[in-house]
Amino acid sequence: MAATATGIHHRSYTSELRLRATRSEYFRLALLAVVLLVVPFALGNYWLSIVNTIFIAVIGAVGLNILVGYTGQISLGQGGFLAVGAYSSAILSDRIGVPVPLSILFAVALTAVVGTFFGLPGLRLKGLYLAIATLASQQIIEFIIRRDYGGVLTQGKGYINVDRLEFLGFKIGARAVFEQQWYWILMPLAVLVVLAARNIFRTGLGRSFMAVRDQDIAAEAIGVNLTRAKLTAFAVSSGFVGLAGALTAHYSEVVTWEKFTLEVSILYLAMIIVGGLGSVAGAVYGAVFMTLLPVLIRNVANAVEGSVPFLADQLPAIQNAAFGAIIIAFLIFEPRGLDRIWQRMKDYIRFWPFRY
Amino acid sequence: MFRKTRAAAIAAAAATALVLSACGGDSDTGSTGDGGEAGGDPIPVGIIADLTGATGDVGGPYNAGMLAYVEHLNANGGINGRELKAISNDYAYEVPRAEELYNQYVNDGVVAIQGWGTGDTEALSGSVANDELPFMSASYAEPLTDPEDAPYNFVVAPTYSDQIRVALNWINEDSGGSAEVAVLHHDSPFGNAPVADGQAWVEEKGYDLGYKAYPMPGGQPNYVGLLSQAQAQGAKYVIIQNVAPPAAQVAKDIQAQGLDMTIVCLNWCANELFISLAGEDVAEGHVLIQPITPMITEQPGHESIREYMEEKGMDESDVSVSWVAGWATMDVMAQGIAKALESGDELTGASIREALESMGPIDVGGLIGGGDVEFSAESHRGSASTGIYRAEGGQMVEIQGGVTP
Chain A
1 MAATATGIHH
11 RSYTSELRLR
21 ATRSEYFRLA
31 LLAVVLLVVP
41 FALGNYWLSI
51 VNTIFIAVIG
61 AVGLNILVGY
71 TGQISLGQGG
81 FLAVGAYSSA
91 ILSDRIGVPV
101 PLSILFAVAL
111 TAVVGTFFGL
121 PGLRLKGLYL
131 AIATLASQQI
141 IEFIIRRDYG
151 GVLTQGKGYI
161 NVDRLEFLGF
171 KIGARAVFEQ
181 QWYWILMPLA
191 VLVVLAARNI
201 FRTGLGRSFM
211 AVRDQDIAAE
221 AIGVNLTRAK
231 LTAFAVSSGF
241 VGLAGALTAH
251 YSEVVTWEKF
261 TLEVSILYLA
271 MIIVGGLGSV
281 AGAVYGAVFM
291 TLLPVLIRNV
301 ANAVEGSVPF
311 LADQLPAIQN
321 AAFGAIIIAF
331 LIFEPRGLDR
341 IWQRMKDYIR
351 FWPFRY
Chain B
1 MFRKTRAAAI
11 AAAAATALVL
21 SACGGDSDTG
31 STGDGGEAGG
41 DPIPVGIIAD
51 LTGATGDVGG
61 PYNAGMLAYV
71 EHLNANGGIN
81 GRELKAISND
91 YAYEVPRAEE
101 LYNQYVNDGV
111 VAIQGWGTGD
121 TEALSGSVAN
131 DELPFMSASY
141 AEPLTDPEDA
151 PYNFVVAPTY
161 SDQIRVALNW
171 INEDSGGSAE
181 VAVLHHDSPF
191 GNAPVADGQA
201 WVEEKGYDLG
211 YKAYPMPGGQ
221 PNYVGLLSQA
231 QAQGAKYVII
241 QNVAPPAAQV
251 AKDIQAQGLD
261 MTIVCLNWCA
271 NELFISLAGE
281 DVAEGHVLIQ
291 PITPMITEQP
301 GHESIREYME
311 EKGMDESDVS
321 VSWVAGWATM
331 DVMAQGIAKA
341 LESGDELTGA
351 SIREALESMG
361 PIDVGGLIGG
371 GDVEFSAESH
381 RGSASTGIYR
391 AEGGQMVEIQ
401 GGVTP
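Here the protein sequences come in this chain order: A and B. At position 189 of the first sequence the residue is numbered 189 (this note's numbering), and the sequence of numbers has no breaks. At position 173 of the second sequence the residue is numbered 173 (this note's numbering), and the sequence of numbers has no breaks.
Treat each hint with caution, since some may be false.
Said to hold, decoys possible - What the simulated footprint calls covered on chain A by chain B, stretch by stretch (three residues with Cβ under 8 Å from a Cβ of chain B suffice, anywhere in the stretch; the number is not a length):
(1) 46-52
(2) 102-108
(3) 145-156
These are calculated hints, taken from the structure and not from any lab test. Glycine included, every Cβ here is placed at the ideal spot set by N, Cα and C.
Produce the complete structure using the sequences and hints provided.
Spelled out as structure tokens, the structure:
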């Protein structure tokens with residue numbers, strides 16, 4: 001809310017708390033809704049599969065942003081928490097026979113508990129020290145799923161095959177309709193998560209998270225219970241991440257440790273940095289951007305393969321280099337990310353031809 | 001003002017990028033075998049290759065071998081006049097990229113997939129089963145041979161478990177019936193795969209072999225610590241289930257510490273790379289369990305490779321066992337496709353699976369285990385026989401060929 005459009009006054013607290021105040025905001029919302037409804041019919045299966053991955057990434061990134069962007073607790077444990085969600089939901093639904101929605105709910109709860117546990121060092125540690133502590137949680141979880149002693153997790157196979165999603169007699173169909181049906185599951189969930197996160201930060205709880213981030217001692221002085229705020233932030237954030245993990249398991253239909261490495265944690269951190277720390281919309285933009293980027297680079301490289309074969313030959317290296325370059329570019333030019341860029345674009349248009 | 005316009009420019013670029021990417025569509029080509037002439041449409045097969053990732057040193061030759069086979073096949077008339085169209089892309093040994101490539105291939109309408117490592121093979125085994133696409137890869141883990149678990153995965157070579165059984169049989173014989181064995185393995189499902197089966201084999205056969213497994217931590221400058229544990233165990237034999245670079249490091253450490261240990265390398269460290277990385281002298285005398293027959297063994301299947309090499313002016317040293325593995329694996333797949341076409345059914349993943357399961361022995365000219373590859377509806381274990389080699393004078397010299405556990 002850097003600048004409110006002229007002519008908008010709030011006459012009540014309710015009106016001030018509203019997420020949208022202007023007509024153009026409602027118009028954009030309607031536009032987005034239309035796009036979301038049209039996408040599954042307009043895109044082919046390949047692009048739909050990318051859109052579906054984006055939805056899962058959105059859920060995970062929003063969750064991480066609650067912890068890192070809003071509460072200021074740096075976490076490198078994202079991959080591990082995703083793994084907790086994925087493994088627990090897969091094991092519950094496939095081996096024990098719990099209906100999938102219940103198993104996902106349980107996975108969310110379990111990840112929240114595990115996240116809270118690994119958040120305990122956060123009570124004493126700040127900044128880089130906390131980052132290292134969460135790195136430990138990543139390593140511990142990765143160690144457990146990688147070694148899988150006794151075959152408790154994967155029954156000695158090293159991976160879990162997850163059955164195609166089935167609930168109350170409805171079963172996701174074959175490849176032709178697979179992505180579309182998943183779209184109708186993942187899109188509403190992603191929307192719900194975004195709405196939930198948006199609303200958390202209109203409550204006292206969400207505000208206490210931000211107070212902890214901005215100045216924890218001052219927050220304590222004005223009556224924020226630091227212990228509770230930090231642990232709740234870990235729990236809420238991990239809950240969202242657990243949901244993303246569980247959905248990954250059921251959507252990709254296989255769970256292996258290689259999907260939950262430290263690289264994944266860093267990818268998610270990159271998403272929220274590029275998107276904008278401390279902004280729900282930023283997490284969404286970041287997830288979209290970071291998921292599309294490698295795909296885009298590959299398509300470009302393949303398109304120009306004839307003239308610049310070097311690009312296609314060194315593709316993964318170039319993707320990594322572009323990945324790094326983009327993060328550095330954002331840190332230099334707009335540390336507040338895509339979300340801030342979008343705000344500035346809106347301001348620019350709104351105030352044109354004046355600067356402000 | 002400048003800052004604002006710049007920000008707007010960046011944002012505009014980002015927005016254009018997003019739009020462009022959405023329009024980019026399925027123009028993906030990758031490196032392909034040459035497109036079709038007469039005799040029907042080319043048959044698309046997707047290859048998920050590691051060229052630049054963690055295992056690129058062996059993944060590159062494997063991919064090259066596959067593409068070479070396809071080129072050779074197409075130059076000689078293809079399959080019933082139809083060309084094989086290999087779509088190969090690098091996934092740099094990163095599972096999410098493999099999944100994305102897989103989705104792209106499915107969208108391109110491929111009838112079969114050639115994968116690479118344990119990670120992508122496991123990650124995709126569920127999807128290929130649901131999408132009915134036969135999947136072969138260079139991951140020879142035992143669970144993949146069971147059609148109940150992985151109905152569309154085909155394992156062309158003896159599994160890591162069969163290889164460790166062969167290794168233990170050889171050790172039992174070589175040691176005269178009593179020795180301590182240390183199993184050094186990669187710290188992952190790939191590395192763990194044969195460990196328990198090896199232990200069970202020792203017990204089942206009643207061998208008087210001590211057997212202890214040690215996971216090899218990554219990022220180590222050397223393995224002296226691990227070797228001193230093995231020495232404390234009294235190990236005379238060190239079985240390694242890992243890729244060549246760490247195995248070569250172990251060989252160097254054994255040399256440097258003056259230990260009396262013989263390495264028995266399984267599959268992915270049993271190659272020319274192990275010998276060249278360790279150095280001829282250091283590698284000398286160590287034993288290699290390798291199911292794919294290297295060029296110097298001169299199997300009948302090597303003749304067409306030689307033809308191809310002559311055509312391309314390639315040198316013998318360009319063709320490693322990993323290269324041959326790629327060639328042979330694509331050969332098995334192509335024969336399955338040919339059989340499926342012969343049966344007159346529509347060419348789908350399901351009909352290729354049916355063909356592979358029912359066609360009986362598949363002749364690969366002795367390139368795999370020195371014999372035929374055979375699948376059935378009950379088992380996708382293509383072969384159980386492997387060769388045993390010794391590093392001598394910088395070469396892989398055959399001790400025994402076609403050994404089964």
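Compare the structure with the hints numbered earlier in the document and write down the numbers of the violated ones, lowest to highest. 2
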